[in-house]
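Heads up: the protein sequence lines correspond to chains B and F, in order.
Residue 51 in the numbering used here sits at position 51 of the first sequence, with consecutive numbering throughout.
Residue 176 in the numbering used here sits at position 176 of the second sequence, with consecutive numbering throughout.
Hints are not guaranteed to be accurate.
Pairs involving identical chains hold if they fit within one copy or between any two copies, as the list cannot separate such chains.
Derived DSS-like pairs (lysine-lysine); straight-line CA-CA distance at most 27 Å [stated by the list, open to error]:
| hint | residue 1 | residue 2 |
| --- | --- | --- |
| 1 | Lys117 | Lys87 |
| 2 | Lys57 | Lys170 |
| 3 | Lys153 | Lys57 |
| 4 | Lys153 | Lys68 |
| 5 | Lys57 | Lys155 |
| 6 | Lys153 | Lys87 |
| 7 | Lys172 | Lys153 |
| 8 | Lys117 | Lys159 |
| 9 | Lys159 | Lys172 |
| 10 | Lys159 | Lys170 |
| 11 | Lys2 | Lys106 |
| 12 | Lys170 | Lys153 |
| 13 | Lys172 | Lys155 |
Hints were generated in silico from the structure; no laboratory data involved.
Protein chains: 2
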Amino acid sequence: MKVIAYMAQSLDGYIAGPNGELDWLEEIENPEGSDLGFAEFMAGVDALLMGRNTFEKVLSFGFWPYDKPVYVASNSLKGIPADLEGKAFLISGTLAEMLAVLADEKGVQSLYLDGGKLIQSALSQDLLNEMTVTTLPVILGQGISLFGHLEAKKKLQLKGSEVLLDQLVKTKYLLC
Amino acid sequence: MKVIAYMAQSLDGYIAGPNGELDWLEEIENPEGSDLGFAEFMAGVDALLMGRNTFEKVLSFGFWPYDKPVYVASNSLKGIPADLEGKAFLISGTLAEMLAVLADEKGVQSLYLDGGKLIQSALSQDLLNEMTVTTLPVILGQGISLFGHLEAKKKLQLKGSEVLLDQLVKTKYLLC
Chain B
1 MKVIAYMAQS
11 LDGYIAGPNG
21 ELDWLEEIEN
31 PEGSDLGFAE
41 FMAGVDALLM
51 GRNTFEKVLS
61 FGFWPYDKPV
71 YVASNSLKGI
81 PADLEGKAFL
91 ISGTLAEMLA
101 VLADEKGVQS
111 LYLDGGKLIQ
121 SALSQDLLNE
131 MTVTTLPVIL
141 GQGISLFGHL
151 EAKKKLQLKG
161 SEVLLDQLVK
171 TKYLLC
Chain F
1 MKVIAYMAQS
11 LDGYIAGPNG
21 ELDWLEEIEN
31 PEGSDLGFAE
41 FMAGVDALLM
51 GRNTFEKVLS
61 FGFWPYDKPV
71 YVASNSLKGI
81 PADLEGKAFL
91 ISGTLAEMLA
101 VLADEKGVQS
111 LYLDGGKLIQ
121 SALSQDLLNE
131 MTVTTLPVIL
141 GQGISLFGHL
151 EAKKKLQLKG
161 SEVLLDQLVK
171 TKYLLC
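Okay, chain B solo, but in the shape it has when bound (with noise of 0.2 Å):
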């Protein structure tokens, strides 16, 4: 199976504001309403695997954006929100045995890993195959960092590289 993260980040590697602001997200001019190459790569995937506190920023969203199933990992929540049945699902464990069931139980090939702290402690065990990061251009000084402390550092192949909305720089790499 092919783990993939998918993100966004500030110039100086913020995922987020200190009080995970998103609105720096919002600030770039998109006249058309370009979705910056998501409906492609949500087409290459066969499920997410998101955190519970990205899980319920998603909920605050007001409408449910993915067409294939959501795993939710997460050991404290007890449920679902009834109109997310048959979309979104429970799991728990550590992220080698969630990724284990996803593979092994569930047939995902190719999986959308989301979240800031599933995706460090991928790539922290080295479960992290893929990573498209698109780098908007501003620095926002301090909040959540997209990669946080690791203790090795981890190299990476670029794969391609564009600019979107003549703002954006979108990169894709691959995990050495």
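On the provided structure of chain B, position chain F as indicated by the hints.
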């Protein structure tokens, strides 16, 4: 006077490892010894202003890589090594004072500002006009941050992005 930063960072925003390590900068294959556009960039500036830490790092190279006047910002250094007479010059004061001296007394029109602390000061005081950041395909996980902590976010304007050596993403921004 235009004040320009020209830096390399890891994907997670570090310019050096926790103990100043720069070895990761040398790990990209560069069989033809490309200077990644540095000579062209240098041709467009009139002078450099760097901090003491950066100056001492450059001295450790064992050769002097600049053909433009280098101003070394320091309130503690007593002098410049004799063999750099006419090449490097001490300057002191606040950043705004030093920039005023360079612009008004030295006639500098385009200044290459080097060093993490000076760049952070210039950013926070809105004294930086332009920035080229080359992102290497590595996540260091810890180290010396390029941008550090800022009280307020800074919006940038993307002016161009190119891939170098098939692995580096070199991106130019204007400050808004």
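Next on the checklist: Hints numbered earlier in the text: which of these fail when held up against the supplied structure?
Outcome noted: Result: hints 4 and 6 break, sorted rising.
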